[in-house]
Amino acid sequence: DIQMTQSPSSLSASVGDRVTITCRASQSISTYLNWYQQKPGEAPKLLIYGASKLQSGVPSRFSGSGSGTDFTDFTLTISSLHPEDFATYYCQQSYTNLGLTFGGGTKVEI
Amino acid sequence: QVHLQESGPGLVKPSGTLSLTCAVSGDSISSTQWWSWIRQPPGKGLEWIGEIYHTGSTNYNPSLTSRVTILIEKSKNQFSLKVRSVTAADTAVYYCARTGDTFKETNFWGRGTLVTVSS
Numbered sequence: 014d015i016q017m018t019q020s021p022s023s024l025s026a027s028v029g030d031r032v033t034i035t036c037r038a039s040q041s042i043s044t045y046l047n048w049y050q051q052k053p054g055e056a057p058k059l060l061i062y063g064a065s066k067l068q069s070g071v072p073s074r075f076s077g078s079g080s081g082t083d084f085t086d087f088t089l090t091i092s093s094l095h096p097e098d099f100a101t102y103y104c105q106q107s108y109t110n111l112g113l114t115f116g117g118g119t120k121v122e123i
Numbered sequence: 003q004v005h006l007q008e009s010g011p012g013l014v015k016p017s018g019t020l021s022l023t024c025a026v027s028g029d030s031i032s033s034t035q036w037w038s039w040i041r042q043p044p045g046k047g048l049e050w051i052g053e054i055y056h057t058g059s060t061n062y063n064p065s066l067t068s069r070v071t072i073l074i075e076k077s078k079n080q081f082s083l084k085v086r087s088v089t090a091a092d093t094a095v096y097y098c099a100r101t102g103d104t105f106k107e108t109n110f111w112g113r114g115t116l117v118t119v120s121s
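As given, the protein sequences belong to chains A and B, one line each in that order. FYI, the numbering for the first sequence is 14 to 123, going by the working numbering. FYI, the numbering for the second sequence is 3 to 121, going by the working numbering.
Heads up, a few of these hints could be off.
[Said to hold, decoys possible] Calculated pairs, EDC-like style, for lysine to aspartate or glutamate (alpha carbon to alpha carbon, straight line, at most 20 Å): (1) B:Lys46 <-> A:Glu55; (2) B:Lys46 <-> A:Glu122; (3) A:Lys120 <-> A:Glu55; (4) A:Lys120 <-> B:Glu49; (5) A:Lys66 <-> A:Glu122; (6) A:Lys66 <-> B:Glu75; (7) A:Lys58 <-> B:Glu75; (8) A:Lys52 <-> B:Glu49.
The hints are simulated quantities; they were obtained by calculation from the structure and are not laboratory data.
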């Protein structure tokens with residue numbers, strides 16, 4: 014199984030802050046990395062797919078990237094936090110059909 | 003706009019079978035997408051259960067594969083999930099969803115349905 018480790022598990026931030034969430038894969042996953050936002054009582058919402066592609070309708074303050082050449086480290090950045098961005102964020106690897114694993118989640122709190 | 007709606011019993015007895023159906027509207031279940039089930043235990047993270055293509059091809063979470071079956075019903079534009087031999091650990095909100103073919107991004111989700119395993 015490919016394990017996905019997100020950090021931090023939670024963070025406190027203020028409106029207007031730049032926020033960065035990291036996701037590390039236990040092996041190379043190329044760019045098969047997706048990011049989701051989930052608010053309490055709601056289904057997750059796709060933000061970023063293919064590591065850096067912005068889903069249609071998602072604000073441009075959200076961005077995704079991969080670092081290094083081994084395709085194991087990925088970052089979700091919110092350039093300027095809005096009040097509606099307080100939520101839990103999950104990464105997901107989709108490199109293998111043998112289990113599309115999610116990270117443990119990062120809760121962004123005020 | 004694609005819409006997915008889960009339906010099924012909200013309470014299942016231990017050792018029983020959990021059965022859910024997902025009705026799809028706004029897209030054909032025969033399109034070039036995967037149709038997925040994902041669950042979330044109360045207060046915990048997301049767990050991918052499995053997926054099915056319109057050809058009937060399936061992929062399952064290795065930790066659940068012995069207990070899970072996903073089927074597609076083209077005539078009704080819906081797909082289904084069965085989880086056998088359930089325990090309290092299977093208590094969760096179950097989501098059905100549509101997943102893209104290239105990056106397996108899950109771009110449309112149902113609202114989710116809570117299934118509780120209890121006697």
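Tested hints:
1. Under the criterion of a C-alpha separation no larger than 20 Å, the hint pairing B:Lys46 with A:Glu55 is consistent with the structure, at around 14 Å.
2. With a CA separation close to 17 Å, the supplied pair B:Lys46 and A:Glu122 stays within the 20 Å bound.
3. Proposed proximity of A:Lys120 and A:Glu55 is supported: the alpha carbons are some 14 Å apart, at most 20 Å.
4. The hinted pair formed by A:Lys120 and B:Glu49 meets the criterion: a straight-line CA distance of about 17 Å does not exceed 20 Å.
5. Restraint check for A:Lys66 and A:Glu122: the C-alpha separation of about 25 Å exceeds 20 Å, so the hint is violated.
6. A hinted pair counts as satisfied when its Cα atoms are at most 20 Å apart, and A:Lys66 with B:Glu75 does not qualify at roughly 32 Å.
7. This hinted pair does not check out: A:Lys58 and B:Glu75 have alpha carbons roughly 26 Å apart, beyond 20 Å.
8. Only pairs whose Cα atoms come within 20 Å are accepted, and A:Lys52 paired with B:Glu49 is accepted, the gap being roughly 17 Å.
Hints 5, 6 and 7, counting from the list given before, are not met by this structure.
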